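S.K.: Top line first, the protein sequences correspond to chains A and B. Its first residue numbered -6, the first sequence is counted upward by one per residue in this note's numbering. Its first residue numbered 60, the second sequence is counted upward by one per residue in this note's numbering.
Hints were generated in silico from the structure; no laboratory data involved. A portion of the hints provided could be inaccurate.
Some chain A residues close to chain B (C-beta under 8 Å, calculated; not the full set) [unchecked claim]: (1) F70; (2) V81; (3) S98; (4) D99; (5) L125.
Derived list of chain B stretches under chain A, where covered just means 3 residues or more per stretch with a C-beta under 8 Å from a C-beta of chain A [as the list claims (entries may be wrong)]: (6) 79 to 89; (7) 273 to 283; (8) 342 to 352.
None of these values were measured; they are calculated from a predicted model. Note that CB positions come from ideal geometry on N, CA and C, so glycine has one too.
If you want the building blocks of each chain, they are given just below.
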Amino acid sequence: MHSGESTDSGRPHSDRATGGDGTRDDSPTPRERVRQLGRALLLGAVLAGIAVPVVVLSGETVRFASEKVFAVGALVFGFSLLGWSGSVFAGRGMENFQRYIGGRSDWSEADSRRAMTVLGSVGVGGMMGASLATWVVGSVV
Amino acid sequence: MISKRFVIKRLLLLVPVLFGVATFVFAILHLAPGDPARVIAGQRASEEFVRQVRTQLGLNDPIWVQYGRFLLEAVQLDFGDSYQIQKGTPVKQILRFKLPVTLEMALYGQFLGILFGIPVGLLGAIKQDAFSDHATRIGALAGISVPIYWSGPLLILLFAQVLNWFPASGRIASQFDINPITGVITFDTLVRGNFAAFQSAAMHLFLPAAVIGIYSMALISRMMRSSMLEVIRQDYMRTARAKGQGSKITILKHGFRNALIPVVTVIGIQFGTLLGGAVLTETVFGIAGIGTLLVDAIQVGDYPVVQGTVLMFAGLFTLVNLLVDVTYSYLDPRIEQ
């Protein structure tokens, strides 16, 4: 593909690295990555911000709502951290194993790491959103 | 030679793993139903007293403050005091005495697994499709398939009840009173020069270690066999034989080390399973290790003990995997790249 040619998303390819073997590297640019993480963080915060008042409206105390929603965010964050570490620890091995057994899966260590970072951002966003929502709801109730 | 950079990089990777486990455990315990203050105060305690306990434990603080405090204390290996199991005793101290019990059993089990698994796998590969190969393959399949809660009682029935060769439960005969040094009873008895006590401890340890070892041996021998079979067919092995080297030397000198790489991985992963299996083994053989401690702590809602135990398990597992990685890079230096 020539430099400057459009991709599906309409962005030119000129800012993307090309691998040593001539294949195009599909990894997002740093700016795209930051934007993606920001969106994930916001999503988590919004979800938690909605969840806390909803739980309070269902008849529970603010403390209960805060604890449970924060814990869910922490659960997602913890899971993503473990997933990320697992990818770094064993990802290359998994890739080699797939190649070894002749599997045609598209799973790769880099993709897994990226996905876990996004998931972790949702979790952190949830934890932050729960804290903020607790403060807001607590001052209203 | 293993590079320092490789080891440091691997050590640094332990931080997010342990951070992740700590966060995970914190979240699970806060999502679980039940009030720790009520657990400590007792079911008949007044609301006033429960409130007092809650304040003392810092459970009235916002959840993010509790989370931060938990992480800070976990970094210092301070998991607080036990609520129920040994009321008021620091979890660190409880773990210090329970962990060696489980570790000893798991290590002996793993040792038995390696001791028999590797030669059996090698034999199977060298004598492929011979009677011994079929026999070991069937044995390995049985070893993998039979769960610990079944093989444990069967071994007790045969070796403790019928043959009366080994004791059925406990760690040492009641007549011996050994003051623990490390908590690893076979080591402690040897250090104190009490050989009768050592013999008793070894006899008590044999059946639980064998139960763990059977499963481990089965998996290791299967892996060793298939890995060795693959190595035997490599060109360099054929070349070595063509140059006049005896087949035994070719296998042991050139094949064994290369065939060992996937086996080392299995041994590392296996260790985590052994620690998990310790819960069942300890229950079957009446050994008060970290596995039974965890089950008891979950049943009575002793959160600090649960947190401490799970984090200890995670730490051990990651350390073993680090060891596997280092061994791996020793066997095949290209892995460091």
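S.K.: Would you list, in rising numerical order, the hints stated earlier that this structure does not obey?
M.R.: 3, 4, 5, 7, 8
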